[in-house]
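Chemist: Sequence:
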Amino acid sequence: MAQPKTAWDQHPEPLTVASAPVPEYGSGSLADLLPTLAAGLGVPDMNAAIGELTPADRNCVFLIDGLGWEQLRAHPEDAPFMTSLLATSRGGTGRPLTAGYPATTATSLASVGTGLPPGAHGLPGYTVRNPDTGELMNQLRWQPWAPPGPWQPYPTVFQLAHAAGVHAAQVSSPTFENTPLTKVALSGGTFLGRLPGEDRVDLAAEQLAAGDRSLVYTYFAEVDGAGHRFGVDSDAWRGQLMYADRLVQRLAEQLPPRSALYVTADHGMIDVPFDEQHRIDFDEDWELSAGVALLGGEGRARHVYAVPGAANDVLTCWREVLGEQFWVASRDEAIAAGWFGPRIDERVYGRIGDVVAAARDDVLLIASEREPKESAMVGNHGSMTPAEQLVPLLEVRS
Numbered sequence: 001m002a003q004p005k006t007a008w009d010q011h012p013e014p015l016t017v018a019s020a021p022v023p024e025y026g027s028g029s030l031a032d033l034l035p036t037l038a039a040g041l042g043v044p045d046m047n048a049a050i051g052e053l054t055p056a057d058r059n060c061v062f063l064i065d066g067l068g069w070e071q072l073r074a075h076p077e078d079a080p081f082m083t084s085l086l087a088t089s090r091g092g093t094g095r096p097l098t099a100g101y102p103a104t105t106a107t108s109l110a111s112v113g114t115g116l117p118p119g120a121h122g123l124p125g126y127t128v129r130n131p132d133t134g135e136l137m138n139q140l141r142w143q144p145w146a147p148p149g150p151w152q153p154y155p156t157v158f159q160l161a162h163a164a165g166v167h168a169a170q171v172s173s174p175t176f177e178n179t180p181l182t183k184v185a186l187s188g189g190t191f192l193g194r195l196p197g198e199d200r201v202d203l204a205a206e207q208l209a210a211g212d213r214s215l216v217y218t219y220f221a222e223v224d225g226a227g228h229r230f231g232v233d234s235d236a237w238r239g240q241l242m243y244a245d246r247l248v249q250r251l252a253e254q255l256p257p258r259s260a261l262y263v264t265a266d267h268g269m270i271d272v273p274f275d276e277q278h279r280i281d282f283d284e285d286w287e288l289s290a291g292v293a294l295l296g297g298e299g300r301a302r303h304v305y306a307v308p309g310a311a312n313d314v315l316t317c318w319r320e321v322l323g324e325q326f327w328v329a330s331r332d333e334a335i336a337a338g339w340f341g342p343r344i345d346e347r348v349y350g351r352i353g354d355v356v357a358a359a360r361d362d363v364l365l366i367a368s369e370r371e372p373k374e375s376a377m378v379g380n381h382g383s384m385t386p387a388e389q390l391v392p393l394l395e396v397r398s
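Taken in order, the sequence shown gives residues 1 to 398; the numbers are from my numbering.
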């Protein structure tokens, strides 16, 4: 009996760096959203990069963590209201935005709030090396701590809008009010903390009406949490999607005059099976770990930091072992290909791995000993596949 083809049989040639689908920086990425809205509000030096969007006096961005374009389209019965808005996405074109690389929360929130791609704002991964200390830094939890200002020195779009006389506000969980990530990515104007989702969207609507020109941001995290723990399409995930759909409708029904509501996300997600074929364990693979000083990033978007002098050997080995399932690039190759945006600030260069590996297939490079919690996740994200990279930009106007 013929054996079924494996992923290795189907992809006999290593993936080329040039074949990776680079995000639409400068025209259709998350980093382009707030500058486009702010330009429409008359904020100086802002570029309306997403040309399909029509200016509004009052703009609200509702970011649903983990709700990718493909996942939304696959669950119309669980999100009837958002499904009814799919044709409005990206200014009525019915197309999604791209998150940016890597497609992960810390990176995407920084891209949203600063209006800059990762190579400029400097949060190019879940965990990255701090060149000043040599330590691996978790940029979502901000551990070990580093001074936020030098790490991300650019003003946020909210700060620039507030300085231009626009009423700027963020309505989110009180937990996030004083975090370093909020400071570097989303600060500016007024932060208002509310726990219940209904209270959050009600207050967002009030904040929209509080100014003749308004820029308001609100956030819902639980879709992402359910996906990580139980997987996309689990009952728990579907339940959170249903709740998020009701929140979006509740907010849409309260929009004050001259408003535009934009519903988007920071990344999508895929489920990865729990077997050796789909989950490769770095901590048990002597080939992959040889010459590696630090393993950063996450399972589908790895930053690999080599011991001095070993970078080329590590790149060669990773391409040989993973190159049929991952796009594997040197730091300079990934930068030249535009993975992190059109420019890389000097302070950001050393945060990017000597080797960068982005999953193409439904595989995960876990680290069971050093990352036990992350390695146990059902749903994962980070790479440049459509399931992870594409996010909606649904629109409701009043």
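No lab work stands behind these hints, which were simulated from the structure alone.
Treat each hint with caution, since some may be false.
[Said to hold, decoys possible] Computed Cβ-Cβ distance ranges for the label pairs, DEER-style:
1) Y349 <-> R141: 46 to 54 Å
2) E320 <-> G91: 39 to 47 Å
3) F176 <-> R347: 21 to 29 Å
Glycine included, every Cβ here is placed at the ideal spot set by N, Cα and C.
Chemist: Each hint should be assessed against the structure and marked as holding or not.
Modeler: Comparing the hints with the structure gives:
Checked against the hint of 46 to 54 Å, the C-beta distance between Y349 and R141 comes to roughly 23 Å, which is inconsistent with it. For the pair E320 and G91, the beta carbons lie near 44 Å from each other, so the given range of 39 to 47 Å is met. The supplied range of 21 to 29 Å is met by F176 and R347, whose beta-carbon atoms lie about 25 Å from each other.
Figure legend: structure checked against the earlier numbered hints; the only hint not met is number 1.
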